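Chains as they are written, first to last, in UniProt numbering: chain A, 1 to 386; chain B, 1 to 386; chain C, 1 to 386; chain D, 1 to 386.
Keep in mind that the hints were calculated from the coordinates and are not lab data.
It should be emphasised that the depicted structure is a prediction, and the values quoted were computed from it without experimental measurement.
Note that beta-carbon positions come from the ideal geometry of N, C-alpha and C, so glycine has one too.
A hint or two may mislead.
Claimed, not checked - Computed beta-carbon distance windows for the label pairs:
1) GLN115(C) / THR3(B): 31 to 41 Å
2) ALA322(B) / SER354(D): 30 to 40 Å
3) ARG317(D) / ALA5(B): 46 to 56 Å
4) GLY34(D) / GLY75(C): 28 to 38 Å
5) GLU372(B) / LYS82(A): 19 to 29 Å
4 protein chains.
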Amino acid sequence: MTTFAEIAPQLEHQAIEVPSWAYGNSGTRFKVFGSPGTPRTVEEKIDDAAAVHRFTGLAPKVALHIPWDMVDDFGALTRYAKDAGIEIGTINSNTFQDDDYKLGGLTHHDPAIRQKAVDHHLECIEVMGATGSRDLKIWLADGSNYPGQADIRARQAWLAESLATIHAQLSNDQRLVLEYKIFEPAFYHTDVPDWGTALVHVQALGDNAVVCLDTGHHAPSTNVEFIVAQLLRLGKLGSFDFNSRNYADDDLIVGSADPFQLFRILFEVIRGGGYGPDSEVAFMLDQCHNIEKKIPGQIRSVLNVQEMTARALLVDRQALAAAQQAGDVLGAHQVFMDAFYTDVRADLAAWRESRGLPGDPMAAYAASGYQEKIEADRVGGTQMSW
Amino acid sequence: MTTFAEIAPQLEHQAIEVPSWAYGNSGTRFKVFGSPGTPRTVEEKIDDAAAVHRFTGLAPKVALHIPWDMVDDFGALTRYAKDAGIEIGTINSNTFQDDDYKLGGLTHHDPAIRQKAVDHHLECIEVMGATGSRDLKIWLADGSNYPGQADIRARQAWLAESLATIHAQLSNDQRLVLEYKIFEPAFYHTDVPDWGTALVHVQALGDNAVVCLDTGHHAPSTNVEFIVAQLLRLGKLGSFDFNSRNYADDDLIVGSADPFQLFRILFEVIRGGGYGPDSEVAFMLDQCHNIEKKIPGQIRSVLNVQEMTARALLVDRQALAAAQQAGDVLGAHQVFMDAFYTDVRADLAAWRESRGLPGDPMAAYAASGYQEKIEADRVGGTQMSW
Amino acid sequence: MTTFAEIAPQLEHQAIEVPSWAYGNSGTRFKVFGSPGTPRTVEEKIDDAAAVHRFTGLAPKVALHIPWDMVDDFGALTRYAKDAGIEIGTINSNTFQDDDYKLGGLTHHDPAIRQKAVDHHLECIEVMGATGSRDLKIWLADGSNYPGQADIRARQAWLAESLATIHAQLSNDQRLVLEYKIFEPAFYHTDVPDWGTALVHVQALGDNAVVCLDTGHHAPSTNVEFIVAQLLRLGKLGSFDFNSRNYADDDLIVGSADPFQLFRILFEVIRGGGYGPDSEVAFMLDQCHNIEKKIPGQIRSVLNVQEMTARALLVDRQALAAAQQAGDVLGAHQVFMDAFYTDVRADLAAWRESRGLPGDPMAAYAASGYQEKIEADRVGGTQMSW
Amino acid sequence: MTTFAEIAPQLEHQAIEVPSWAYGNSGTRFKVFGSPGTPRTVEEKIDDAAAVHRFTGLAPKVALHIPWDMVDDFGALTRYAKDAGIEIGTINSNTFQDDDYKLGGLTHHDPAIRQKAVDHHLECIEVMGATGSRDLKIWLADGSNYPGQADIRARQAWLAESLATIHAQLSNDQRLVLEYKIFEPAFYHTDVPDWGTALVHVQALGDNAVVCLDTGHHAPSTNVEFIVAQLLRLGKLGSFDFNSRNYADDDLIVGSADPFQLFRILFEVIRGGGYGPDSEVAFMLDQCHNIEKKIPGQIRSVLNVQEMTARALLVDRQALAAAQQAGDVLGAHQVFMDAFYTDVRADLAAWRESRGLPGDPMAAYAASGYQEKIEADRVGGTQMSW
């Protein structure tokens with residue numbers, strides 16, 4: 001049996017980027033609910049991200065979304081973040097909210113629109129220069145709603161061309177991270193619907209182009225940990241967007257819908273070399289707190305990842321391999337489940353306290369007065385949202 | 001073989017309600033695109049609905065959504081519609097856009113919010129009195145996002161109570177129509193997720209409570225025509241919300257994603273007594289034209305229903321029954337497919353012309369100048385949307 | 001916080017029927033693998049079921065399947081079981097393996113086949129008389145593979161008639177338990193595909209007709225615990241067939257695919273009055289051990305149910321209700337998860353030992369020599385299978 | 001508008017391989033039904049395949065499955081087929097019915113079993129030499145049922161190694177065709193679950209390694225025509241296994257569940273260069289006729305492919321491209337649907353007759369007496385089946 005003490009040192013490597021947009025309002029097509037204390041500025045989002053890190057020690061970086069987080073001076077913003085105790089992480093582009101992108105961006109049939117979408121990414125690369133970000137993450141909303149509407153195949157060629165132009169502007173230590181998603185906002189075809197398509201495109205680009213796996217972007221009943229293992233095997237797993245789902249891209253708190261799936265994913269990450277100081281895989285949240293409080297929602301999320309990482313580290317890999325080699329189906333499964341069913345919460349609390357962090361970050365945040373303060377202070381202005 | 005001439009008389013009974021909200025802007029959580037010519041007032045929506053009827057002869061009623069279509073004088077609005085050549089149809093309630101409904105409406109744990117939601121429905125019943133509408137359609141957005149968040153079972157009791165209070169205010173010739181939906185906007189549990197739950201509630205209310213079947217509201221791989229047949233058998237199919245889907249509640253143009261499914265549904269409607277002058281089943285569209293033009297989108301939709309109704313009427317039911325009774329699997333299937341593969345478009349065009357309608361309503365609309373006129377006229381003001 | 005000591009007394013009520021067919025060979029359409037020690041007779045199946053009970057104290061009954069378990073003298077078989085330490089439980093009928101049932105049984109278009117299927121059930125009722133069984137469980141394989149092949153609606157009427165005839169032969173203390181399943185072996189329509197259809201039929205029959213919920217028989221992304229809550233509310237949840245699934249009706253070991261789902265189901269069972277001495281809900285396994293050893297597979301399964309029942313009992317329902325009433329989304333969710341993440345394994349082992357049972361039934365079985373004995377003894381004859 | 005006369009010449013290129021196993025008995029895990037006239041020998045299967053070709057002109061080749069179709073003298077079998085008017089096509093391997101393959105074949109943790117599975121493929125390659133077959137099709141049943149049971153990632157490496165050994169034995173004009181499938185018979189993980197995994201492996205092998213797309217092997221709601229377009233773009237679409245599905249791998253008659261999907265797939269095939277004399281894409285059926293007659297089931301299937309190919313050829317690609325370039329969503333969709341709704345049946349019948357084939361192959365087969373003859377002749381012996 002592996003013990004908590006044995007795995008504790010590995011927990012120090014854990015770092016999960018939080019998305020700036022998690023602190024703004026989000027919702028469904030039916031309604032976006034507002035709530036008191038929601039940030040009105042990019043700086044206020046950074047304050048909230050920094051709070052999550054302060055209470056958990058798990059979230060040293062905040063990912064930005066352009067143009068939602070556009071500011072005049074990214075150097076100043078980077079310093080602002082540093083003063084708050086965190087760094088700017090991944091830069092996310094957006095080619096889905098400008099009217100011109102109604103029928104596509106990087107894949108649009110009109111070269112002028114494609115150029116506009118490419119230019120937006122070049123602008124993002126400039127932001128990366130100013131913030132010191134390593135990763136440009138590209139999620140395409142591109143697709144079509146009706147059979148016949150679009151030339152599915154030509155769009156693949158246009159996409160390849162657009163990505164190559166963008167990729168050419170990256171330095172060698174920057175990465176292009178391409179995200180896939182089965183559907184939404186397009187409802188018939190999506191231009192990068194699956195990991196196979198993302199892989200094909202990043203393989204064409206080069207070593208510093210990799211795939212982003214969003215845990216909510218698959219067809220029902222997809223075995224996600226298999227994809228994790230496969231992308232790690234190919235050296236092409238760039239980053240995770242963590243969240244959870246019951247139906248579609250629900251963007252719920254990671255680990256809340258199917259905790260065992262999160263365990264299985266993290267086990268494949270660890271055994272495949274995707275975790276730890278030598279790995280370049282980035283871990284990120286991408287969630288929507290439609291009805292729950294945003295900052296506690298983020299704290300809960302990073303804690304869920306941490307707790308499940310601890311359980312995944314606890315798998316007795318020697319015993320597992322022995323049972324697998326013996327063809328002992330139930331024995332191997334039991335070794336696996338034993339780790340999942342181990343209650344790591346008390347050990348983690350003690351470990352956190354030993355590092356000067358609150359043992360119970362949720363309770364500590366609730367007791368801190370931060371929420372009351374922002375609700376009182378952030379009056380007037382326009383709450384930020386998608 | 002059944003011929004078009006034989007079934008043509010039955011086509012006269014076809015009437016499909018169009019939703020007022022189809023003419024306003026709609027979209028996804030990522031973006032709602034606007035477009036020139038979008039109505040700014042309820043009256044302009046009615047103008048557009050009337051245009052659809054003028055070109056097709058298929059859409060004599062427009063369904064309203066309260067409060068989106070709230071006006072001071074529903075008597076005047078009813079006359080306005082009549083002057084435009086159509087009538088007011090179903091009244092749809094809305095308990096998902098007020099901040100109070102964040103955690104539920106008719107099922108909320110707080111009795112005060114439940115009362116507010118009930119009161120909203122009583123207001124809708126008043127509107128029905130003024131417009132002469134028969135149906136109050138209730139779609140609940142109620143549900144929860146996280147296991148444990150809500151008391152799933154208590155909410156069923158609260159829902160039953162709320163519905164009973166509303167139902168008690170209806171006259172005998174008015175109907176309560178309860179719609180079900182598997183998910184969205186709630187992502188863990190939904191309070192009326194399936195036809196079984198809707199049935200249980202309307203059975204408890206009485207004869208004038210019935211179920212609305214939205215074709216996009218089911219789990220993947222659900223056999224929808226079976227539900228149609230079952231609800232008709234039980235006398236509880238109240239109405240349809242037609243649209244189509246590939247993934248979730250995509251709200252695409254009816255018949256665009258899986259035309260054969262529409263055929264199978266309409267066949268069960270017809271054979272089950274849900275079509276024709278003696279049936280009380282209401283046919284409605286409930287779609288979102290996120291990227292296509294709205295009025296042609298509605299014209300296309302009612303034409304799709306008409307074309308598929310014609311095909312479904314063409315099934316040689318005698319030959320089908322004979323093959324079924326003989327256990328001739330392939331033979332029965334072929335009788336069924338023969339009707340589906342029959343091209344009714346030319347016959348329908350001729351039939352339309354014989355009734356003073358354009359043979360090709362899509363082309364006629366495009367040539368009419370209506371679109372150009374509304375794009376020119378409807379400048380300024382605020383475009384209506386969800 | 002609820003403690004294990006507080007809930008331990010409630011664990012005494014737990015009893016899970018094991019199916020006789022779990023000890024025979026099963027597989028997929030591609031291959032049924034045999035294995036040494038597989039029973040050749042009904043008595044050997046009962047021996048194996050008794051072994052599961054001896055090691056766990058959880059499985060006091062074995063369900064039979066007619067005609068797989070047909071014997072000349074059911075009185076003798078009942079005594080045989082009693083001597084082995086268990087009882088005969090539910091009687092399951094089979095109308096899917098006789099050539100006559102190719103196109104249906106209780107729903108067949110030919111009245112003679114329907115009568116044959118009805119007669120088979122009357123024979124099952126006779127068996128119930130001899131074994132003292134309370135429940136007649138009916139799972140229908142009936143359906144069709146091609147649109148048009150069958151008269152979906154007429155088959156509902158035939159089914160209602162067939163069930164009424166069968167039900168009329170039951171005594172008041174016997175129950176008809178109707179099971180639903182979305183698909184397989186029929187691939188276009190199934191005659192009892194969902195809980196709504198099962199409900200409609202048992203409601204028509206009377207108080208002693210109830211629904212069986214097989215956890216693997218739903219469409220992807222169905223919220224199963226909602227159905228549990230709904231059927232309990234309606235007084236119509238008769239029994240469970242436990243197993244787990246990732247894709248279709250995979251019939252894997254219960255709790256192995258999504259342990260959290262099992263937790264949620266058991267929580268709704270408990271809070272809805274479906275667990276304990278006053279409940280008439282029957283708990284059963286219905287699984288296939290295609291590749292793992294059968295007896296340990298059953299031991300693992302009943303242990304999984306027991307462990308998850310303990311966790312579900314541990315939910316602090318007072319704290320949960322308070323958080324729900326306060327609209328505290330994250331707080332209520334956390335109360336729920338706290339119980340799920342509690343490691344009950346050591347407490348359960350101690351509790352088992354205090355009752356004269358092995359603390360680790362899996363290890364005890366492996367050490368017992370039973371497996372080696374049956375592998376050595378059961379040579380020759382024909383292994384039983386589906 | 002494109003006319004039937006314009007596209008008719010392209011129909012001459014159509015050739016669809018039928019599988020030898022379609023003529024034997026097949027079923028579900030619940031029951032395999034037999035029927036009179038089922039072949040008892042490989043030669044009788046070839047007779048049936050030849051009958052399908054005789055009535056349709058569409059099925060000039062029969063695919064074999066080893067060891068189901070193992071004979072002593074494949075040279076003789078090849079001549080037998082030639083005399084019957086057809087050729088031997090693809091050779092399919094089988095590593096799922098030997099007891100040794102319970103936990104895997106080409107991916108098994110035991111090198112001896114892997115070697116055995118490799119050797120089986122080398123034997124298949126010998127058969128190819130004797131029959132003159134171009135394609136070795138590999139579908140793996142390999143996978144696991146329980147998390148932890150198997151080393152998902154190591155199995156990828158073992159698979160790569162096994163495939164390389166097999167591939168090395170192929171000549172340059174032979175192809176290795178790797179098929180993927182999401183699940184069944186494995187229910188937790190499958191070793192080649194998706195097109196991305198198949199692609200990764202065939203890319204590693206070389207130019208004469210390609211992917212087989214079985215239309216029933218995807219997760220629910222997968223856009224299959226997108227995968228077709230993508231694989232054609234990459235030059236890696238080797239062959240199709242046609243069938244249709246509503247739920248899982250139902251193996252129903254192609255075009256019976258969703259005819260519009262078949263249309264969309266064939267449109268992408270044609271526009272992507274996968275159809276016609278210059279294409280190397282192989283078209284095959286892979287279906288199970290569980291309840292319908294087998295030979296008419298195959299005739300119906302190849303006719304469905306032919307009819308839908310004709311409709312797909314009828315798409316006015318110039319008008320489509322113009323509407324797509326104009327961003328005319330509804331216009332482009334209508335061009336597409338116009339072809340789908342065109343009734344080609346009468347034109348096809350005339351075209352068949354002009355080539356000396358029966359206009360209505362289903363009726364001609366029924367009238368031919370072939371079925372009655374085989375039912376009378378094939379008495380005694382053992383019916384072939386999976």
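Can you give the numbers of the hints that this structure goes against, from lowest to highest? Hint check: 3 and 5 fail, others pass.
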